[in-house]
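**Q** Here is how the chains run, residue by residue.
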Amino acid sequence: MSDADEPMADPSHELADQDRPAAAEAPPLAGRIPRATGRTVPDAPEEIVINVADVAIYYGSFCAVGGLTVQFGRREITALIGPSGCGKSTALRAFNRMNDLIPGARLTGSVSYRGQDLYGPRVDPITVRRRIGMVFQKPNPFPKSIYDNVAYGPRVTGMKVPNMDDVVEEALTSAALWDEVKDKLRQHAFGLSGGQQQRLCIARTIAVRPDVVLMDEPCSALDPISTAKIEYMMTELADEYTIIIVTHNMQQAARISDRTAFFTTEVDDATGRRSGLMVEFDRTAKIFSTPSDQRTEDYISGKFG
Amino acid sequence: MTAEVEPPGRSVEYQIETVRGSIRDATFRLAMFFSIGVAIAALGTLLVQVFVDALPRLNLDLLTQFPASLPALAGARSAIIGSIWVIGATALFTIPLGVAAAIYMEVFADPRRWYNRMIEVNIQNLAAVPSIVYGILGLGLLARAAHLGQTVLTAALTLTLLVLPVVIIVSREAMRAIPSSIRDASLALGATEQQTVWRHTLPLAVPGIATGIILALSRAIGEAAPLLLLGGLAYVTFTPTGLDSRFTVLPIQIFNWVSRPQEEFRTLAAAAIVVLLALLLVMNSIAILIRNHYRRTW
Numbered sequence: 678m679s680d681a682d683e684p685m686a687d688p689s690h691e692l693a694d695q696d697r698p699a700a701a702e703a704p705p706l707a708g709r710i711p712r713a714t715g716r717t718v719p720d721a722p723e724e725i726v727i728n729v730a731d732v733a734i735y736y737g738s739f740c741a742v743g744g745l746t747v748q749f750g751r752r753e754i755t756a757l758i759g760p761s762g763c764g765k766s767t768a769l770r771a772f773n774r775m776n777d778l779i780p781g782a783r784l785t786g787s788v789s790y791r792g793q794d795l796y797g798p799r800v801d802p803i804t805v806r807r808r809i810g811m812v813f814q815k816p817n818p819f820p821k822s823i824y825d826n827v828a829y830g831p832r833v834t835g836m837k838v839p840n841m842d843d844v845v846e847e848a849l850t851s852a853a854l855w856d857e858v859k860d861k862l863r864q865h866a867f868g869l870s871g872g873q874q875q876r877l878c879i880a881r882t883i884a885v886r887p888d889v890v891l892m893d894e895p896c897s898a899l900d901p902i903s904t905a906k907i908e909y910m911m912t913e914l915a916d917e918y919t920i921i922i923v924t925h926n927m928q929q930a931a932r933i934s935d936r937t938a939f940f941t942t943e944v945d946d947a948t949g950r951r952s953g954l955m956v957e958f959d960r961t962a963k964i965f966s967t968p969s970d971q972r973t974e975d976y977i978s979g980k981f982g
Numbered sequence: 153m154t155a156e157v158e159p160p161g162r163s164v165e166y167q168i169e170t171v172r173g174s175i176r177d178a179t180f181r182l183a184m185f186f187s188i189g190v191a192i193a194a195l196g197t198l199l200v201q202v203f204v205d206a207l208p209r210l211n212l213d214l215l216t217q218f219p220a221s222l223p224a225l226a227g228a229r230s231a232i233i234g235s236i237w238v239i240g241a242t243a244l245f246t247i248p249l250g251v252a253a254a255i256y257m258e259v260f261a262d263p264r265r266w267y268n269r270m271i272e273v274n275i276q277n278l279a280a281v282p283s284i285v286y287g288i289l290g291l292g293l294l295a296r297a298a299h300l301g302q303t304v305l306t307a308a309l310t311l312t313l314l315v316l317p318v319v320i321i322v323s324r325e326a327m328r329a330i331p332s333s334i335r336d337a338s339l340a341l342g343a344t345e346q347q348t349v350w351r352h353t354l355p356l357a358v359p360g361i362a363t364g365i366i367l368a369l370s371r372a373i374g375e376a377a378p379l380l381l382l383g384g385l386a387y388v389t390f391t392p393t394g395l396d397s398r399f400t401v402l403p404i405q406i407f408n409w410v411s412r413p414q415e416e417f418r419t420l421a422a423a424a425i426v427v428l429l430a431l432l433l434v435m436n437s438i439a440i441l442i443r444n445h446y447r448r449t450w
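Chains A and B supply the protein sequences, listed in that same order. Residues in the first sequence are numbered consecutively from 678, following this note's numbering. Residues in the second sequence are numbered consecutively from 153, following this note's numbering.
The shape of chain A in the complex, shown without the other chains (with noise of 0.2 Å):
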């Protein structure tokens, strides 16, 4: 872990540290929200991570989305909403390049990663996806043991680590999820709940101690008391990681994130096939209360989606 091109090697992260609230190690369930008490969010992003300008990807000749533009900024939370259809998962999985697995998937503009480009020639997706991770909708341990799932990535990446032991306890901890199986960890990681896989799979992910953390609607298959003790750990995660959330859920993105995107579809009138188009990206606290376009205020205000 010490590793000095490890991008948590910065020395904000003690600062982060100290913030932590001290109940950390009981995570509170519904009603406490504690992305929302008295944060104030900068008009931009203070240090952009990715950043994607003008942005269509494509399945074969099909636009899935286009549109966008959006800064995703260091330790912040930035949530992807819209209907069904509207290409936010589209989008999320273009920015670890999951999509290349796609046969025809291909896109125009540019997205870069800490001023490189994501798309460039001597780019190894590889690479790209230890820095940038990603947790999917439905939680997916592997079958393997606890322990195995949450040291499978820095295993396979090859990772230095002194003690795995440790690092294994590390991400756990910081997925809420230590307390629940430390005296379990070489049990099979589907004898856990739907949450508690979900939160090992997030522990996962900060296993090989990305920079960014993609969530393709973590919570959807998930009870509020899971979803809940996501969404805190989320908070938790976000002093430390650049995290980007496709929710559904337009309550969780206004509880959470710093930053909204919202996406809606569009009937493409010469083909009439529907595509996405990311309308609008501001503060949530803006996005939620004065919306600059009519789309954004119909659907946040429940006239559709």
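Just so you know, not all the hints are guaranteed correct.
[Claimed, not checked] Where chain B lies over chain A, by a calculated footprint (3+ residues, C-beta under 8 Å): (1) 764 to 778; (2) 802 to 809; (3) 812 to 821; (4) 830 to 839; (5) 877 to 891.
It should be emphasised that the hints constitute simulated quantities derived from the structure, not laboratory data. Heads up, the beta-carbon is just placed ideally off N, CA and C, and yes, glycines get one too.
We have chain A; now place chain B onto it with these hints.
**A** Below, chain B without anything else, positioned relative to chain A:
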């Protein structure tokens, strides 16, 4: 209590009791049961017939003696050992080739490329090619052109070609049954495709692949046609010593004995069929054991 007022459930439009549905259901079930009955009865008759025929010769001599011109002295030793040699060698060639090809098709091949689509269609077609055609191929290409002769190696390579398409298809099916979320999770953590294949795809597909391979080999062990073309050696009084040995196998031996005029040889053939069935049963049991041992739920 007035007679005019019916309880609400009694009027015809709300009636839920009916006999017509259950009769139709029972008829359907009976028809299904009859269909499976036909299959089982045919198989049962065949098995009983063979066992009754084989009974006089089901003894140790069958396993320990070599073929001889006197039926009382003859046994199937060289055919049994020959079958095991040929199938062992076939497995040795088939497993790595078939699994590797399946990995290429399932993990790495871009299905939009014309050559990958062509390979896919051709593998499916090859699986349907009659085995005698593979025999001609083995004879012309391997035995003669490649000068491998009528050896265990030629037979094993011919059978490899015969079962390879099936092995590739079932291995692909087994890999496709693994949820893509596992692969996504592995790749999203920064693992390479190769690491993902070795650590997840292959281990999780083992039950399906193993079952498919053993069933394919079961088919191969019963094949007589392609090996008959290769040389049709029936009177072999030695066991193979290596891949370059000449050989015979059980189906050829059975074919040969059945075509003799003497009744005793027919009995011998029935006994050899029982041995072949026993071999098949052992192989299929192994397939079931492997499948149960590695069975997983998602």
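**Q** Are the hints correct? Go through all of them and say.
**A** Outcome of the hint check:
1. 764 to 778: holds (count 3)
2. 802 to 809: Answer holds; 4 residues pass the 8 Å Cβ test.
3. 812 to 821: holds (count 6)
4. 830 to 839: holds (count 3)
5. 877 to 891: holds (count 4)
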